[in-house]
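Undergrad: Taken in order, the sequence shown gives residues 80 to 424; the numbers are from my numbering.
Calculated from the structure, these hints are not laboratory results. No residue lacks a Cβ here, since even glycine has one placed at the ideal position from N, Cα and C. A couple of the hints might just be wrong.
What the hints assert, rightly or not - Straight-line alpha carbon distances no greater than 27 Å define the calculated BS3-like cross-link-like pairs of lysine-lysine that follow:
no.	residue 1	residue 2
1	K408	K420
2	K385	K415
3	K385	K420
4	K263	K244
5	K385	K408
Said to hold, decoys possible - Here are the simulated distance ranges between beta carbons:
no.	residue 1	residue 2	range
6	D137	D391	14 to 22 Å
7	E369	R389	36 to 44 Å
8	A170	G414	47 to 55 Å
9	A405	A358	47 to 55 Å
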Amino acid sequence: MLQTLLATCLLVLSAAGAHAADLDGRRTPNFLIFYIDDLGWKDTAHTGSDFYRTPQIDRLAAGGMTFTNAYAAAATCAPSRASLLSGQFPARTGYYGFAGLSLPRTRLRVRRVLGEPQFPSGDVTIAEALRDAGYQTGIVGKWQLGTTSEYEPAARGFTFSHVTKPSDTAPDDAGPKRIDEITKVSREFIARNRDRPFFLYISHLAVHTPLQASRESVRKHAARTPGEHHRHPLFAAMIERLDASVGEILEALTEHGVADDTLVLFTSDNGAAPVSSQAPLRGFKGSYYEAGIRVPLFARWPRVVKPGSRSDVPVNQVDIYPTLLAAAKVVVPEGKVLDGKSLLP
Numbered sequence: 080m081l082q083t084l085l086a087t088c089l090l091v092l093s094a095a096g097a098h099a100a101d102l103d104g105r106r107t108p109n110f111l112i113f114y115i116d117d118l119g120w121k122d123t124a125h126t127g128s129d130f131y132r133t134p135q136i137d138r139l140a141a142g143g144m145t146f147t148n149a150y151a152a153a154a155t156c157a158p159s160r161a162s163l164l165s166g167q168f169p170a171r172t173g174y175y176g177f178a179g180l181s182l183p184r185t186r187l188r189v190r191r192v193l194g195e196p197q198f199p200s201g202d203v204t205i206a207e208a209l210r211d212a213g214y215q216t217g218i219v220g221k222w223q224l225g226t227t228s229e230y231e232p233a234a235r236g237f238t239f240s241h242v243t244k245p246s247d248t249a250p251d252d253a254g255p256k257r258i259d260e261i262t263k264v265s266r267e268f269i270a271r272n273r274d275r276p277f278f279l280y281i282s283h284l285a286v287h288t289p290l291q292a293s294r295e296s297v298r299k300h301a302a303r304t305p306g307e308h309h310r311h312p313l314f315a316a317m318i319e320r321l322d323a324s325v326g327e328i329l330e331a332l333t334e335h336g337v338a339d340d341t342l343v344l345f346t347s348d349n350g351a352a353p354v355s356s357q358a359p360l361r362g363f364k365g366s367y368y369e370a371g372i373r374v375p376l377f378a379r380w381p382r383v384v385k386p387g388s389r390s391d392v393p394v395n396q397v398d399i400y401p402t403l404l405a406a407a408k409v410v411v412p413e414g415k416v417l418d419g420k421s422l423l424p
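Put together the whole structure using the sequences plus the hints.
TA: Right under this line is the structure:
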């Protein structure tokens, strides 16, 4: 009788075993990445903005480690996303994306499509590696890495996808940026997968131009005293709504009892657009001056990452792939070439 009971318990634990304890006594970690569109290195209060208010993002940063010298793999959206998911620099993926740059103090404007028009196939993404290790893998938001069936999220390792595109009819108060929709779907994904390990890639459309926010919010920020470097009320209003979304999604982790077992990363795909100063850094999105590629990067993992900690070591977003594999104790897929290194140390 006792042997039967023990065997039954083991079977139940194995089936639910999504969150079996690892050798250190911790449950198999979940992973959640906030990937913001065009948020500059200095566009949060935590990193030094003198006008934008980001209490939820600041709380996330304070709860873990701030990387002060973090870099995107590219200076524009699509190639950075390809690098994040592949763990490889654009020189290896061959995906350079769209280039449209106005050179300062000249009339010269460069508009070219460089590299492959679709996310390179045939290589194992971080979503595929984690899916094959038993993770539920989800993307909510911007994809931008191909539209045909062989390049869609389902073909690149995501067991769930809710891809959003700009729409003038979107119901939320940030209009085409679909912030409320992304928040709702992300919270639902967390609720569905609370009892099994998950990887959730939240790829926001905000704060990319064109800027959108409610009139009430814009008026509120317009009435405030402007900062020395940041003073754009519409941009401030948009960041405020994005910040609230981050807080609502983090709240879902707590509500469903998985906050302590979730490694949360917050970063941006590239530097800020010219609408937001990154002084004293030079340049902006699309350029390879410092402000075009330096981005905020925060990591929160309760009981593992010390709150309020900081690292000044230069890191790059291609380091995220090997970091997640190391944290999940998943071996690098056979034949996979990674350009980054694990950040766990």
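Undergrad: Confirm or reject each hint.
TA: Here is how each hint holds up against the structure:
no., hint, in the structure
1, K408 x K420, "14 Å, holds"
2, K385 x K415, "31 Å, violated"
3, K385 x K420, "20 Å, holds"
4, K263 x K244, "16 Å, holds"
5, K385 x K408, "20 Å, holds"
6, D137 x D391: 14 to 22 Å, "19 Å, holds"
7, E369 x R389: 36 to 44 Å, "19 Å, violated"
8, A170 x G414: 47 to 55 Å, "19 Å, violated"
9, A405 x A358: 47 to 55 Å, "36 Å, violated"
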